[in-house]
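Protein chains in written order, with the numbering used here: chain A, 72 to 562; chain B, 3 to 258; chain C, -14 to 200.
It should be emphasised that the hints constitute simulated quantities derived from the structure, not laboratory data.
In this text, all values refer to a predicted model and were calculated from it rather than measured experimentally.
A portion of the hints provided could be inaccurate.
[As the list claims (entries may be wrong)] Capping the alpha-carbon separation at 20 angstroms, the derived lysine to any residue pairs in SDA-like fashion look like this:
hint: 1; chain 1: A; residue 1: K533; chain 2: B; residue 2: Y55
hint: 2; chain 1: A; residue 1: K94; chain 2: B; residue 2: A199
hint: 3; chain 1: A; residue 1: K110; chain 2: A; residue 2: W121
hint: 4; chain 1: A; residue 1: K433; chain 2: A; residue 2: E89
hint: 5; chain 1: A; residue 1: K113; chain 2: C; residue 2: H22
hint: 6; chain 1: A; residue 1: K433; chain 2: A; residue 2: A491
hint: 7; chain 1: B; residue 1: K166; chain 2: B; residue 2: T26
hint: 8; chain 1: B; residue 1: K166; chain 2: B; residue 2: R230
hint: 9; chain 1: A; residue 1: K485; chain 2: B; residue 2: Y55
hint: 10; chain 1: B; residue 1: K95; chain 2: A; residue 2: A492
hint: 11; chain 1: B; residue 1: K189; chain 2: A; residue 2: R494
hint: 12; chain 1: A; residue 1: K526; chain 2: B; residue 2: R230
hint: 13; chain 1: A; residue 1: K433; chain 2: A; residue 2: G513
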Amino acid sequence: MSGGTYLGMPAFPEAASESTQNKQLRANLTHATHTIRDKRAKAVAELADWPQLRAAGAAIKNRTLRHLDHYLEQVEAAVEAAGGHVHWAADADEANRIVIDLVRMTGETEVVKVKSMATQEIGLNEALGEAGIRAYETDLAELIVQLGDDLPSHILVPAIHRNRSEIRDIFAKEMGNWGRPAPDGLTDRPAELADAARLHLREKFLRAKVGVSGANFMVAETGTLVVVESEGNGRMCLTLPETLISVVGIEKVVPTWQDLEVFLQLLPRSSTAERMNPYTSMWTGTTDEDGPQTFHLVLIDNGRTDTLADTVGRQALRCIRCSACLNVCPVYERAGGHAYGSPYPGPIGAILTPQLRGTQSKLDASLPYASSLCGACYEVCPVAIDIPEVLVHLRERVVQGGEVTLRGSRTTIKPAKGHAAERAAMRAARWALDHPAALRGGQRLAARTRRLHPKRLPGPGKAWTETREVPAVPAESFRDWWQRTRGKETK
Amino acid sequence: MRVALFVTCVNDTLYPDTGRAVVTLLERLGVEVDFPAAQTCCGQAQFNTGYRYETEPLVRRYARAFEGYDHIVTPSGSCVAMVRDNYPRIGEKAAAEGRGDELAEIAASVVPRTYELTEFLVDVLGVTDVGAYFPHTVTYHPTCHGLRMLGLGRRPVELLSHVKGLELRELPGADECCGFGGTFAVKNAAVSAAMGADKARHISETGASAVCTVDNSCLMHIGGTLARLGSQTRPVHLAEILASTEEHPYAPGGIR
Amino acid sequence: MSTREQVLGRIRRALADVPHGETPDDVPVNRDYLRMHGERSAEETAELLAENLADYRAIVHRTTTAELPGRIAALLAGRGAGRIVVPAGLPPEWLAAAEGVELVTDTAALTHRELDAVDSVVTGCAVAIAETGTIVLDASPDQGRRRITLVPDHHICVVRVPAQVVDSVAEGLERLDPARPLTWISGPSATSDIELDRVEGVHGPRTLEVVLIHE
């Protein structure tokens, strides 16, 4: 996996059938996800009112989404009143152009970055690179990804697919090409690896004139932005540069200061399984002689209003990017994040990506099917997004087509290609199932020929019999047994 | 009390023993049970694959088949979850599409009457000791629909704990999905198989003679995987264990 | 049409299902969650704060106002700290007992590199939250600019007990002014980026010492 782009990636089943065979990847993911799973459960169990907090989190987000225009106008006014500048971007290209222009206005050719899903989503680093501006990722995991010419595979821990010895090798080999080399004799002890990152990035923090971030929350009534982090790289980027540019999805707004009392409890426990993450920065516009003296907020749509237009799919916009759903997902654990072909992997990615990007590509149309619908994601979601419900809803969109909103316009989409045989089979099955006599006929035919059924099937059945035996067809269906022994049928 | 068995299409066609076990068990507990022959399938596979419109005739059929019954009992957690969670959604969407309230009314009528077998035993009949006898070691896999959608909780384990001769072995990683997931099993066969292999390994490691669930569709995948891996553990539906007595012991093929 | 109008227009069209005339307050938010978790005396709250701070590897000390200068001097001497940055409004008596140290006062003119050459920083705080083991700085005169508690590797933070200690996140937020730049600190900097296991000590101060003074 390399090259810094998700473009042209195969559909989920093809990508996953390869990644599930990667023993190292499987071992890394199983170890990491199971570690955090148990810790999250403990952190959540500490709060007796977790269900109430979760319901309040969902309700606050619902309130926000139903009146999003109001809250965005409010946050815009508050940020500008506090000395910030607000920009609006309809899509990734526009957002990237705005950021490039803002950096150019400073005369700088490099920026330091706080980990941000929004800038991953719009491909900001690549766009800046093409404009001759170098973006340095400063989150440890993002650094691992950037130095390894890799792609993120997890929302919280983008390098979760790498274990400590792989990280050591990347640091030892690549740090020198980007700045201060890794110390000689670097081992794979996590504390030493963290120390190597501290030394490597310190120089960049001290000289940086422009910082780029996202935000976890924007408070509408006060204009306050909130970044939740652990390492202190966020604080460095948010306070040392002269200019700060924050690129934030429009759904990140929350109505009131008080609302943070809910999210600052839900997020750390769901995400890193901590009572509170080590550092949270909150800033409102600019402060004289403290931190960046120029602050730009870039609000991005990029498919969010399309998602908002779907009354079932809308709930995906409640997401606070905690990644709890990834950590409990059995499919994510085995397929890995790259198979989802998007910065948003896992269960939330499977409902967010096809809504932000649409379901036209083969990859995006395959994402709603990347789930056994086991419901573990919904159970842990701190804002109660019913991910299985939305997955099935999007499956409908794929196979049935219908009215959707694409880039702001109502459009009727056709059923996706490649489902014709399945559709015919579903119709035939529905017909048979709506005609019990036909069902009985089929059962009897199967029973009569049962000694002839092969153990390994061709065609679509092959996918089953490659790893599983097929159940033997019984000599007599239940229906026939009932009629034979009870003699009567009701109705 | 008029009680109907909704045997489900999978059990009807592939696992008639499970249906027979439910009848045997309920009759032993003094419940007269009917099998309305107009029933076929709840439509779960169609709905979960995205074919909502193909599901609607099956929703109507379900309502017609079970009209007039006080309780509809089914030995399939996932089919109950389909009725309980998704029939109302189908009704809601049809109404939103301007096609009237018919499907919503159907949902409102069938949802409160539909019970998973262990719910019916524990909540309606109020029994946890059904007088069963099954002299084997058993491990219980609590299936996703049973665990998370229906919230069956301790009901199945309570029932198993009262079965004479049965030794219950705890299943490591019990709450993890087995990887079946309906059409997921073929659409994402590699991931499904990997999940199934892990589940099968955990099951085999318990050393139990049998693995039981409240759902034969998961069991078909688990059993198929166990058999391919040469495991000695046999898949058995919970109903078949509860139907087994000292006078009429039930021993699925090959069980130790 | 500006992008702003375009995006706001898309939002309004997307929300066609929201009844005309519905206001934000019409969308119910039930705040039946707990304002604090459990019942505690002031002393128990301070104890919980100390426990939770220590759980995330902050080093906690407890002392009195009178003994504070001696304690701070000892902590600095223990690390061999020679250059100490202090906020302009730090009570001067706090460092009165520290001998042989160079005090650098937080000013706008101080460069990042000069700050990087400092060993330790001593500050007060705005509020401390017991349930989460968090101290919050709001850039008041006794806390200084945000960067002074970030660049040095050693931070000594003084908390007045019970005046500055609250039980919960909700109570903490109520005491804070959102117009000020705020930094919430729960233990020294840490990362979970290597195999989702927590390691302390990345970019922020790797040693956080919290001194609780009982008034």
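Here is what the structure says about each hint:
no. : hint              : in the structure
1   : K533(A) x Y55(B)  : violated (28 angstroms)
2   : K94(A) x A199(B)  : holds (14 angstroms)
3   : K110(A) x W121(A) : holds (15 angstroms)
4   : K433(A) x E89(A)  : holds (17 angstroms)
5   : K113(A) x H22(C)  : holds (16 angstroms)
6   : K433(A) x A491(A) : holds (14 angstroms)
7   : K166(B) x T26(B)  : holds (17 angstroms)
8   : K166(B) x R230(B) : violated (31 angstroms)
9   : K485(A) x Y55(B)  : holds (15 angstroms)
10  : K95(B) x A492(A)  : violated (26 angstroms)
11  : K189(B) x R494(A) : holds (14 angstroms)
12  : K526(A) x R230(B) : holds (10 angstroms)
13  : K433(A) x G513(A) : violated (34 angstroms)
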